[in-house]
Amino acid sequence: MNAYVEAAYLITFGSIGSYTAWILYKSHSVSKLAQELKIDSNSESKS
Amino acid sequence: MKPKKSPVIRVIGFLALIFIGATLVLGLKITPPDAIQGQMVRIIYIHPPLAWVAFLAYGTTAIASGLYLWKRTRARIWDQLSGASAEVGVVFTGLTLVTGSIWGRPTWGVWWTWDPLLTATALLFVLYLGYLALRKLPGDINQRSKRSAIAALIAFIDVPIVQMSVLWWHSLHQKPTVFNPGQPAQIHGIMADTLLIGFIAFTLVWLWLLFTRLGVIKLEEKIELYGLEVALRERRGEVNKDLVETSQDSHSKTSLSTSSKQGPDSQVLVQK
Amino acid sequence: MLHDALLIIRKDLKIEFRSKVTTNQVAPMAIVILILFAFALDTHQHKLILAAPGLFWVAVLFSMSLAIHRSFSIETSSSTRDGLRLLGLDPGGIFLGKVIVLTIEMFVLEIILGFGIVVLYSATLHNYFLLISITILSTLGLAAAGTIFGSLASSFKTKDTLLPLLFLPISAPVLLSATKAFQTELGTVIGSSHPWIRILGVFAVVYLTVGVLAFGPLLEEQ
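Here the protein sequences line up with chains Y, A and C, keeping their order.
Reading the first sequence from the start, the letters are residues 66 to 112 in the numbering used here.
Reading the second sequence from the start, the letters are residues 2 to 273 in the numbering used here.
Reading the third sequence from the start, the letters are residues 148 to 369 in the numbering used here.
FYI, nobody ran anything at the bench for these hints, they're computed from the structure.
These numbers were taken from a predicted model, which means no experiment stands behind them.
Cβ atoms here follow ideal geometry from the backbone N, Cα and C, with glycine treated the same way.
Misleading hints may appear alongside valid ones.
Residues on chain A that point at chain C, a partial pick, calculated with CB under 10 Å [unchecked claim]:
(1) 18
(2) 128
(3) 135
(4) 139
(5) 145
(6) 149
(7) 152
(8) 155
(9) 158
(10) 159
(11) 165
(12) 169
Make the full structure from the sequences, and use the hints.
Listed below in structure tokens is the structure:
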């Protein structure tokens, strides 16, 4: 396999993968915080 | 109270994984190397879908910002959506630039060329970085949202002007070379299918990222509001206590002052 | 709206006339930029002649972001912004006034820079009417976009760094078109400057319109 192609795929899927992981981590920590504060995470927020 | 993960988002996520897997297998293993481009054609299976998602994301940001600015449809959700979409858009624009650059190096011999599409994409990347910076600033949430929405719309209006100017600029130098699809690679058969699957895969990934990110932003805002409320309540409690104290103080002071005022008066009276 | 614009113009020009920040600080800095460019390009005379139009406009852009910053700091420092709003001035008028003041200030600076590129880079100017029209048109567009972003970024603590990040990328088409138009008019590139003038016109009209529309919502908040 061509090194350029490998690099392109690695960077693309690596970045999207880490971005996804970061979002999941944030989602987890934020919902944990909400749980501690007893905020209803499902209700719509007021504008 | 776990946040409700909509089943639709779950399904989108599941499908995205399947399609990404298919793109990887088809793009890296099954499809043959191209007659002209050789192995490099494999980058074509991911680069245009990345760019497509970037433009989808910016389009969403622009529409959501417009809906936020329009008073009749103003709601927090539009601001949150435009923020989430712009962030995903910046990630995908960055990847579009990187993969394009990697494709350009062996194909053109340079990492970068001032091709109109490339130039416009790079400018878009910087413009939306500025937009995200504006969103991250502390301050009143509604004020920030309104300003961000205006900035997003301005950035969006700038896109066609940038396109027009770089196209004319470019036309003075050389002919367009990137993604004049027929020219660099004859895409047909299994290669076309792979590209199509790539488009579907990245669009699904975008949808999943967008809605998951949106959920996080919504929850963050709720926590922020909650924190604000608590702080306000505490403040109000303190202020009330203070008020009570000061009013008591002032009462005693006024009584004192009245008595002292009475003093001289009575003295005057006495003198009279 | 025009009457309100005139009021703002009179006020801002008076402040500028007294403080002379643009002439005493921004203009010298623009000349410094020109000198630094010459160092960067190794003072080869022919390179400088070729690069003169682009360097002129880059110097204008950087000075402009300083001038915009200045234009809004005089509003926030003594909370004139609230005063203006209380007077019931038309937001579109305030916007136009600000844009015109900025254009006038920058035009003075551009004349100085014009002398700069003639003296330092030995650029030859002719066809003055067209050069001046291109300059005014570009400056008007830049001032419009800059004023919108100036008010967007104002009242944030990090406005000094945020403003260039927002303003410089948006002004890329102007930099490109004005440079190209100058190149053809200064004779370093053969071609017609008309398509570029058209882009500059479109840019100016679009951002003047957006500004007049958006300035109301921007001022009414807070």
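Structure versus earlier hints - violations, ascending order:
1
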